[in-house]
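Chains A and B supply the protein sequences, listed in that same order. First residue of the first sequence: 1, per this note's numbering; consecutive thereafter. First residue of the second sequence: 1, per this note's numbering; consecutive thereafter.
Take every hint as true, because none was put in to throw you off.
Chain B stretches covered by chain A per the calculated footprint, using a threshold of three residues with CB under 8 Å from any CB of chain A:
| # | segment |
| --- | --- |
| 1 | 12-18 |
| 2 | 44-53 |
Computed spacing ranges between beta-carbons, pair by pair:
| # | chain 1 | residue 1 | chain 2 | residue 2 | range |
| --- | --- | --- | --- | --- | --- |
| 3 | A | Asn252 | B | Ile58 | 49 to 55 Å |
| 4 | B | Thr5 | A | Asn292 | 35 to 41 Å |
| 5 | A | Met239 | B | Lys70 | 23 to 29 Å |
| 6 | A | Glu320 | B | Ala72 | 44 to 50 Å |
| 7 | B | Thr5 | A | Gln273 | 22 to 28 Å |
| 8 | A | Pro343 | B | Ala72 | 54 to 60 Å |
| 9 | A | Ser316 | B | Ala72 | 56 to 62 Å |
| 10 | A | Asp236 | B | Thr5 | 19 to 25 Å |
| 11 | A | Asp234 | B | Tyr4 | 26 to 32 Å |
| 12 | B | Ala56 | A | Asp234 | 34 to 40 Å |
| 13 | A | Glu171 | B | Glu61 | 48 to 54 Å |
Some chain B residues judged to face chain A by a derived CB distance under 10 Å, without partners named:
| # | residue |
| --- | --- |
| 14 | Gln21 |
| 15 | Asn22 |
| 16 | Thr38 |
| 17 | Gly41 |
Hint data in this document are derived by calculation from the structure and do not stem from the laboratory. Backbone N, C-alpha and C define an ideal beta-carbon position, used for all residues, glycine too.
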Amino acid sequence: MNRQPKAVALISGGLDSMLAVKVLQEQGVHVEGINFYTGFCVEGHTHAIRKSDQKKEKRNNALWVAEQLGIKLHIIDVIEEYKEVLTNPQYGYGANLNPCLDCKSFMVKKAREWMDENEFDFIFTGEVIGQRPMSQRKETMPIVAKQCGSDDRLLRPLCAKLLPETLPEREGWVDREKLLDFNGRSRKPQIALAAQFGFDEYAQPAGGCCFLTDQAYSAKLGDLWQQRGSKNYDLDDIMLLKVGRHIRPRDNFKVIVGREEGENNFMRGYRKQFTHMHATSHNGPLALIDGNVSREDLKLAAQIVARFTQGRDADSVQIEVNEKGNEIPFTLDVTPLRNDDIPKKWYI
Amino acid sequence: MATYTLDARRLLCPMPVIRAQNRIKTLAKGDVLEVICTDPGAKNDLPTWCRINGHAVIEIEAKDDEIIIKIAVGEE
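Construct the entire structure; sequences and hints are all you get.
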């Protein structure tokens, strides 16, 4: 090749992809980043919603990493295509509803398409053998490479020495000797390399960067699918699973109760789409009702919502109910349910 | 050179960035794109995206609950 090799990096915003980029930049490779938005990314959302988080600096880690490294970043909306990956994963789910192996294959495949369209030479990731129980194992890495049709043009600079040689190495676009042999769950080699490169700030999210690895979130998504009788969802569904307490007292409906001002504000944007209620006699949260409900169901929902108002110990709380599609609200006077009256199993 | 508007209200990051990125691909150097957002995260993310991709933020205006970010399109 007479020109500078060009590679596209899968950028999550974490330390590993940051290190992988730097390793290849040091070898003179032109790098641009690609980042996929599935709708389940932890990035920014909850910070944007929750009032308590609003004092923290809001930043998208993938963008921040790209700026630190001086590379372009292309963010791709894959919300629609991702539904097939999540609802029908060939290799199943991990500990929660995380289809990590299918997800990785999907992302590398999308990166491969981007690579071809933009005339880049190869793809690379910050993966390390043994780092993740499902997608980053020595036995599963060839699956990802084969599934996505990229086999020979997929490089993992942080553990390349432990894997078979790839095209970029054979062609001399990168020097295999200068690649690494990281292995296992220890973060020490990464932290040492970060220090060597002078990276003194980087994100290390404890649970990864995806809501699907979160047990509480997966329980809510599983409940949504079960009640609908299918694995369908849209972006609003999965955004609402990120906010509020979700309480299902009966099979036909659940109540989403805002936990603080930021969540209430966010949920206000959904008032037209849902029957909703709030207390008028006391301060309290906004609640959305998801499902088809009878008046009797609404009364039970109002008693639950009253429990989360400042009138929780009062004999009666006035709740204004706005039914979906009906512009005229009505009022219910209810006795708040006591803590003991809300069985734990109602909390999704 | 022309000025265009992108409605990114109610979208949470990174969606405003994705929409701006896709729109800018269709514009010419020197065009201006006004992105109207409601997610405060866009105040950080859009300027960062512009810096790394060669575009310039001309103005950030906060009006009521909306943030209007004006971007001058640079070289692709």
